[in-house]
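Let chain A serve as the given structure and place chain B on it in line with the hints.
2 protein chains.
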Amino acid sequence: MKYCFGIDIGGTTVKMGLFQEDGELLDKWEIKTRTENQGEAILPDIAQAVKAKMAEKKLVKEQIIGLGMGLPAPVTEDGIVQNTANLGWGYKEVTRELEELLDGMKVIPGNDANVAALGEMWKGGGRGYDSIVMVTLGTGVGGGVILQGKILTGCKGAGGEIGHMKVNMDETRVCGCGNKGCLEQYASATGIVNMAKENVLEGSYLADKKVTAKAVFDGAKEGDTYCMKVVEKFGRYLGVALSNVAHVVDPEAFVIGGGVSAAGQILLDVVEKYYNENSMFALKNKSFHLAELGNDAGIYGAVRMVLFK
Amino acid sequence: MKYCFGIDIGGTTVKMGLFQEDGELLDKWEIKTRTENQGEAILPDIAQAVKAKMAEKKLVKEQIIGLGMGLPAPVTEDGIVQNTANLGWGYKEVTRELEELLDGMKVIPGNDANVAALGEMWKGGGRGYDSIVMVTLGTGVGGGVILQGKILTGCKGAGGEIGHMKVNMDETRVCGCGNKGCLEQYASATGIVNMAKENVLEGSYLADKKVTAKAVFDGAKEGDTYCMKVVEKFGRYLGVALSNVAHVVDPEAFVIGGGVSAAGQILLDVVEKYYNENSMFALKNKSFHLAELGNDAGIYGAVRMVLFK
Chain A
0 MKYCFGIDIG GTTVKMGLFQ EDGELLDKWE IKTRTENQGE AILPDIAQAV KAKMAEKKLV
60 KEQIIGLGMG LPAPVTEDGI VQNTANLGWG YKEVTRELEE LLDGMKVIPG NDANVAALGE
120 MWKGGGRGYD SIVMVTLGTG VGGGVILQGK ILTGCKGAGG EIGHMKVNMD ETRVCGCGNK
180 GCLEQYASAT GIVNMAKENV LEGSYLADKK VTAKAVFDGA KEGDTYCMKV VEKFGRYLGV
240 ALSNVAHVVD PEAFVIGGGV SAAGQILLDV VEKYYNENSM FALKNKSFHL AELGNDAGIY
300 GAVRMVLFK
Chain B
0 MKYCFGIDIG GTTVKMGLFQ EDGELLDKWE IKTRTENQGE AILPDIAQAV KAKMAEKKLV
60 KEQIIGLGMG LPAPVTEDGI VQNTANLGWG YKEVTRELEE LLDGMKVIPG NDANVAALGE
120 MWKGGGRGYD SIVMVTLGTG VGGGVILQGK ILTGCKGAGG EIGHMKVNMD ETRVCGCGNK
180 GCLEQYASAT GIVNMAKENV LEGSYLADKK VTAKAVFDGA KEGDTYCMKV VEKFGRYLGV
240 ALSNVAHVVD PEAFVIGGGV SAAGQILLDV VEKYYNENSM FALKNKSFHL AELGNDAGIY
300 GAVRMVLFK
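Chains as they are written, first to last, in numbering that gives the first Met the number 0: chain A, 0 to 308; chain B, 0 to 308.
In isolation and in its complexed conformation, chain A is listed as follows (with noise of 0.2 Å):
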């Protein structure tokens, strides 16, 4: 039997899995990242934890098939990453440093948002597809293509970036990428509590709680009006967009996942209504599911990147 490593760097915490080459996570464990002087213990970190399981379970090197590795930025097939807004990184050369540090091990890197994707492609919500697109509606709005079982990476690592769509040619508003009218405004559980705050009315169910992404679903799901109204215009952004990416990239399904989706069925069906409205005919009618695999999705894309290549 051999075994492969799956690794997904986050701003506060890497989440690694140690599978079989069928597949089957063996453990799972977390390490802190250390994002201090430009994170240049964030490497090292994880070339030891690896050595460190690897001595645990009295494995040696020719039975690791490789890692693979999410990262939250744009990353190159090469591991050539420009900058990181969570880790520390300016320009660094993942593949080739974490490769050095692990004695020659075979790396493979990908942007956290694809390679989760990847993951519900493989072992959750997008299971018997090979061509998904996955949005994860968390705090910002993280995205990912699969096309017949691959990443699109793209030539700088930003292939699958759809929270950054423009969907609004209106907005006054700056997003945090610098631009104005961000999908990310409208879908995120940030973007849902801005919009819901615009203009709470009187006797809504709002009107007399924390405003959250959940409350206005929750909201909605009890036939309040305003919440209703706001969770059509999230729906309306969101259905749009994918739309849009659907004219692109043509998939066989759609996965929702992040924390936003946790409202489960009435996010779906809102979603899927707008984008049938605004799609071309060869377009409509395409899978919509919720992913599965919460915060394992990036272990599990990571590792079917090695499996896989």
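Hints are computed from structural coordinates only; laboratory data are not their basis. Treat each hint with caution, since some may be false.
Copies of the same chain look alike in the list, so a pair counts if it works inside one copy or between any two.
As a list, the in silico DSS-like pairs of lysine-lysine whose alpha-carbon atoms are at most 25 Å apart [to be verified]: (1) 232 x 179; (2) 209 x 149; (3) 228 x 179; (4) 283 x 179; (5) 56 x 232; (6) 308 x 149; (7) 272 x 213; (8) 149 x 105; (9) 27 x 1; (10) 213 x 283; (11) 213 x 31; (12) 272 x 208.
Values in this document were obtained by computation on a predicted structure and should not be read as measured data.
Frame of chain A, contents of chain B only:
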């Protein structure tokens, strides 16, 4: 030496080319597209023309690597067409039918805009790149996405249908596709004329002329304020749309073709300006080029599909 045929089926004529296996065009000609009776004669006419050319050039079946064929509808990699606006076809298995008519010669089909994009990458404005997005600005707006030298076909053959991405959520006029606010409504020749006619100013360059896309760009080149405003509006819609495409597929370069692109540098400049204004950091500063092959892009792309399959 071996040979192949490049075929580009349009609503009025079928363009055909005979190529050497090294990509050199030996001969090109056209036949009429007979769309009557659900277009039943189109494929037999093509087969007959191919056989006649082989007889003329004294070629036998064993010397023909295959036929590449672009057609004006979404088509899957298996050669399934669901419907065509211009050919009279409903559901049709084009690959199977044409291969039978040609006694088993290999046929590779593609959507015409996608095939033209491949041709431009190979021998035209996208030479030197292997991942490009091409947009064709004619009566309508066509698009094609080439990633790592291959057409992005999509699961229903609707990959690269950029003309029907929604760029205006507030549009009330209906596009040819049945939706509202499609890129085609602003970036096609027809769209530019419609925008220009909305509110022609007294004393504008256009006041005493037939309003055409060319006249609008000519006026802008002469510094006419109104024409410049229309060109800015065109550039903003197209620049934002191409930026949105880049957030999905992150290509190396864009190629702009079709009749409208005859406007030249002024068009590239305005599109590039709005592209950069609306793109996230990693996606700024892509190359923009004019298409170079004109009506031959289709036969070149068709042959490239056969040669690099």
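Hints, verified against the model:
| no. | hint | in the structure |
| --- | --- | --- |
| 1 | 232 x 179 | both (17 Å within a copy, 17 Å between copies) |
| 2 | 209 x 149 | neither (41 Å within a copy, 50 Å between copies) |
| 3 | 228 x 179 | both (22 Å within a copy, 21 Å between copies) |
| 4 | 283 x 179 | between (29 Å within a copy, 15 Å between copies) |
| 5 | 56 x 232 | neither (51 Å within a copy, 63 Å between copies) |
| 6 | 308 x 149 | both (9 Å within a copy, 18 Å between copies) |
| 7 | 272 x 213 | within (20 Å within a copy, 39 Å between copies) |
| 8 | 149 x 105 | within (18 Å within a copy, 27 Å between copies) |
| 9 | 27 x 1 | within (17 Å within a copy, 56 Å between copies) |
| 10 | 213 x 283 | neither (29 Å within a copy, 35 Å between copies) |
| 11 | 213 x 31 | neither (29 Å within a copy, 60 Å between copies) |
| 12 | 272 x 208 | neither (28 Å within a copy, 44 Å between copies) |
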